[in-house]
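A.B. asks: This is what each chain is made of:
There are 2 protein chains.
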Amino acid sequence: MIGIFDSGVGGLTVVRELQKELPEYDLIYFGDTARTPYGNKSKETIIKYALEDADFLIARGAHVLVVACNTVSALGIDALRKRYPDIPIFEVITPAVKKAIELSNNKRIGIIGTRATIGSGIYEKKIAEEGRFSVISKACPLFVPFIEEGWHKSAELKRIARRYLDGLKNENPDVLILGCTHYPIIKDIIQVKIGRRTRLVDSALSIAQEIKKLLFSDKGLDNKLSKNKELKIYLSDKTPHSINIVNKILGNNVNIYEDSDNF
Amino acid sequence: MIGIFDSGVGGLTVVRELQKELPEYDLIYFGDTARTPYGNKSKETIIKYALEDADFLIARGAHVLVVACNTVSALGIDALRKRYPDIPIFEVITPAVKKAIELSNNKRIGIIGTRATIGSGIYEKKIAEEGRFSVISKACPLFVPFIEEGWHKSAELKRIARRYLDGLKNENPDVLILGCTHYPIIKDIIQVKIGRRTRLVDSALSIAQEIKKLLFSDKGLDNKLSKNKELKIYLSDKTPHSINIVNKILGNNVNIYEDSDNF
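Protein chains in written order, with the numbering used here: chain A, 1 to 263; chain B, 1 to 263.
In case anyone wonders, no lab produced these hints; they're calculated from the structure. Every value quoted in this text rests on a predicted model; they were computed, and no experiment measured them. Be a bit skeptical, because a hint or two may be false.
Same chains, same label: a pair holds when it works inside one copy or across any pair of copies.
As the list claims (entries may be wrong) - Straight-line C-alpha distance at most 30 Å; calculated DSSO-like pairs for lysine-lysine: (1) Lys227 x Lys107; (2) Lys187 x Lys153; (3) Lys224 x Lys169; (4) Lys187 x Lys82; (5) Lys153 x Lys224; (6) Lys227 x Lys153; (7) Lys212 x Lys20.
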């Protein structure tokens, strides 16, 4: 099974892309809705929670781990690889950085994300490893609450988006990385506010393509993964509200389980 | 010591009022910033976290517990009283309801709060016990993220407030209960949007007055409480951002400790 986890339900945008790219593969998803969001927490707390999330999926038979959470990808990946040295662990940052570098002509790359992701400086670091680029980053902590409120098409969100993105736009990046798995849901608004000349990089899509590539080249790993088109979703807190967002992202035909004992 | 806890730092508005009403008393505060917010979580998860929060304060010598969190007051108070039958436990709902009933002339009372608080129906239930009132309630989940973003005076928040409160205003309540400890911070905006004819009831202020009354009438309890003007603040996750909000509410002269082991 491919195990995917996120601080909440936003990582289901990665599941959606995995289902398109690898429709046969069994997926198990864990969303830590009891302790969401991670984006404003400290590094220590994020690592602690990330290890618990990974333990949950490994215990249920995951052979590949996908960290569908930018905050954990930014701050917890070393700890995860240390705990599980034999498990391939994918994170959302590297594929998005690769894609952005491939697409950028003017070598000016923008990044938006949670406070913890942006504060970590991880995107700047990874981009600097690839060459000389100007990186312009901006934390947008209100995007997630707006999406979770269901106001993802509201006039208010458009104003908020303008306020967050105006300064970024003035710096003329020709690529903007959506550094949070919730953001693809408001892609259209972000595109309008940042302007048509800036291309958006969706980390959900990039990571799914990256995993597909690896599985096609590593048949040993591929053989370990079951392929019955199954998707199991576990949440640490199952509420009408969280179910509603799951259905908004994936449609209504999904099984949602709760495990609140360990979180 | 008087122990106060909240899902995060919003409950410090209660500490601020306690310091005004009972300046001599030692206070110990626990804010569960690692797992904040509670307002969108299920009842089971809220109870589990509330018991852990209370255990933390009792273990550190609290003789009185103040639940400075509307969500826990709405959903976790029975579980807390069962766990600690001998400790006086104050919650923020009853004092606010009493105050609202005292102030209302047209018998139409408005309530705003988190999704969990409003969904619990607890205010309606408590108000119905006191007589025939019309109760108009509205969940305002974006107020807390806006306050925590530091945009508590922004034009965007004013628009959001209008969107949340317009329907409420049309129902003509003459009293509006601020059913979340964060809301006193944006009192002015709420007052403008709901209109001058509606009086606001601040649960932070109401609870501090209620505790003062009880301590003056129960000298046995009062004698148990130390009075050295000390305030200790514990957070389950101490970040620059959470420290910033603590300082915004209480000023800079506070000691903030972290206990992340148990949360």
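A.B. asks: Hint by hint, say whether it matches the structure.
C.D. replies: Checked hints:
no.: 1; hint: Lys227 x Lys107; result: neither (41 Å within a copy, 62 Å between copies)
no.: 2; hint: Lys187 x Lys153; result: both (10 Å within a copy, 27 Å between copies)
no.: 3; hint: Lys224 x Lys169; result: neither (45 Å within a copy, 60 Å between copies)
no.: 4; hint: Lys187 x Lys82; result: neither (34 Å within a copy, 48 Å between copies)
no.: 5; hint: Lys153 x Lys224; result: neither (42 Å within a copy, 55 Å between copies)
no.: 6; hint: Lys227 x Lys153; result: neither (36 Å within a copy, 53 Å between copies)
no.: 7; hint: Lys212 x Lys20; result: within (10 Å within a copy, 62 Å between copies)
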